[in-house]
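Chemist: One letter stands for each residue in the lines below.
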Amino acid sequence: MVERKIMLLHYYTGIAIIALVSIHIAMRLIMPFSESLEFSNVLNNYKNLPYTISLELLLITVAIHGFNGVRIILLEFKQGKAWESFVKFLTLILILIVVAWGTRTIVLTNLM
Amino acid sequence: MEKEEKVRIKVLRFNPSKERKASYESYELPYIKGFTILDSLLYIKENLDHSLAIRYSCRMAICGSCGMLINGLPRLACYTQLSDVKRKEIVLEPLPNFPIIRDLVSDFEGFFEHHKSLKPYLIRKGEEDIDENKREYIQHIEDLEKYLQFSVCIKCGLCYASCPVASTDELFPGPQALSQAYRYIADNRDNGLEERLKLIDNPHGIWRCHFAGSCSKVCPKGVDPALGIQLLRRYLMSLRKPKKKLAEVYRRAY
Amino acid sequence: MSRKRHKTGIKAWLKPYGYSLERWSYFFQRVSGVVLLLYFIGHVIETGTITGGFEVWLNTLNFTQNPFGHAILLIVILSGTFHAINGIRLYLTHQGYLLGKPERPEYPYYPKSFSRAQRVCFWLSVSIALVFFLYGFNILFGE
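Residue numbers (numbering that gives the first Met the number 0), protein chains in the order written: chain A, 0 to 111; chain B, 0 to 253; chain C, 0 to 142.
One thing to keep in mind: the hints can contain errors.
Output of the computed footprint for chain C on chain A, the stretches with three or more beta carbons under 8 angstroms from beta carbons of chain C [stated by the list, open to error]:
#, region
1, 12 to 21
2, 30 to 43
3, 66 to 76
4, 83 to 92
No lab work stands behind these hints, which were simulated from the structure alone. The beta-carbon is built from N, C-alpha and C at its ideal position, and this holds for glycine as well.
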């Protein structure tokens, strides 16, 4: 991908994250704070379909934005062809692992 | 008689061809009102230590060859009065992010290479009669104002020395080269965007600027490279609107 | 002849003082970003334990819901709010907004890019982060 497109993605995911995190936090604040982490309440959160979709989106956008940030830092830290392809590979793998793990939680809680 | 006021100047001494490690040397000289750092260095060279290496030419912030770290901040030696530096001891070091030739003289070759790579000249296309000097380039005064600020750059390298990205990333063109690229891209007589695009828009190009603003802080000519880079970035981002045109530009660039 | 660069290296990243306010913004944006990414990874692992059932989730809550966990959460609130609001400011400035137009430099040079508008936005991000920090403090430690 051309760097310009990656960076546009970085900006847009950043803006999306602000909206999605607000939803995420609001869901904890609509009930008394101490109850919000109870097992059944958390499980019900995951079973609420529109909210789950927003969680999945949050997962993907934060993973892209965050690991792209790490990629930027690593590219500035060191240069060289081998290093750059390693960084690219590392970023993609880390995004996939984290998204897969988060999606696993969402899918399994919906089956519970 | 009043006791003579003294000023201490600590200079980093290093000769890469003879020594392995740099060392500091201190000089004490009388404080003379109106003296710049460069005047003091010339005083040292004349009266105290002839072996000190410095580079200078115009003594009035036009040539841009006497840039150095003065108490940790990149500044022009000829443009900094002793009275501007409020501390009793003044520490002078060569510019960071540049190779050292000797003492306070740094090697600008890589820096100029970055500047050259972004083609700092007008690129014309499709108007042969202008190329053949039959007609003049026409430019409105408002178009001039768009880039005039960036054209007063003296290539002194202070912005490059202060840039936190250039301190680790040698492939980053640096604030100077990028703001000069904007100076030509913003010029309405120029149509060399696609030739420059490949060097601006790559993993070590303009996107590595994070607007730390240090370049504008240290610029002795008020060029404000940070502004130039942000405007260039705006230009690159806004390019997506006429999609076809951009696709064409990219097709030719890559 | 190729000479070795007299690099400041990573020290320049970690030394935000001495230059302008924007250098501080750059420094904190980066630090808060790294903090948030670490928290995000931890949070994905933490919430993943709910699939183990009621007992495991209770264990996780015991592990995270204590003064130490809450203190970490407060740091995350602080850096998250700052990163978000300052991120909007950076998005706007990277687009060339808030900065003003280029003009002929007049002697006591003051960079146009250090405009009042974007500096106000920086301080806004700091103050909103502090407000959220206090709000979070009230919820987590107030009861």
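Chemist: Work down the list of hints and note, for each, if the structure agrees.
Modeler: These are the hints, each one checked on the structure:
no.: 1; hint: 12 to 21; in the structure: holds (count 5)
no.: 2; hint: 30 to 43; in the structure: holds (count 6)
no.: 3; hint: 66 to 76; in the structure: holds (count 5)
no.: 4; hint: 83 to 92; in the structure: violated (count 0)
The structure does not agree with numbered hint 4 stated previously, though it agrees with all others.
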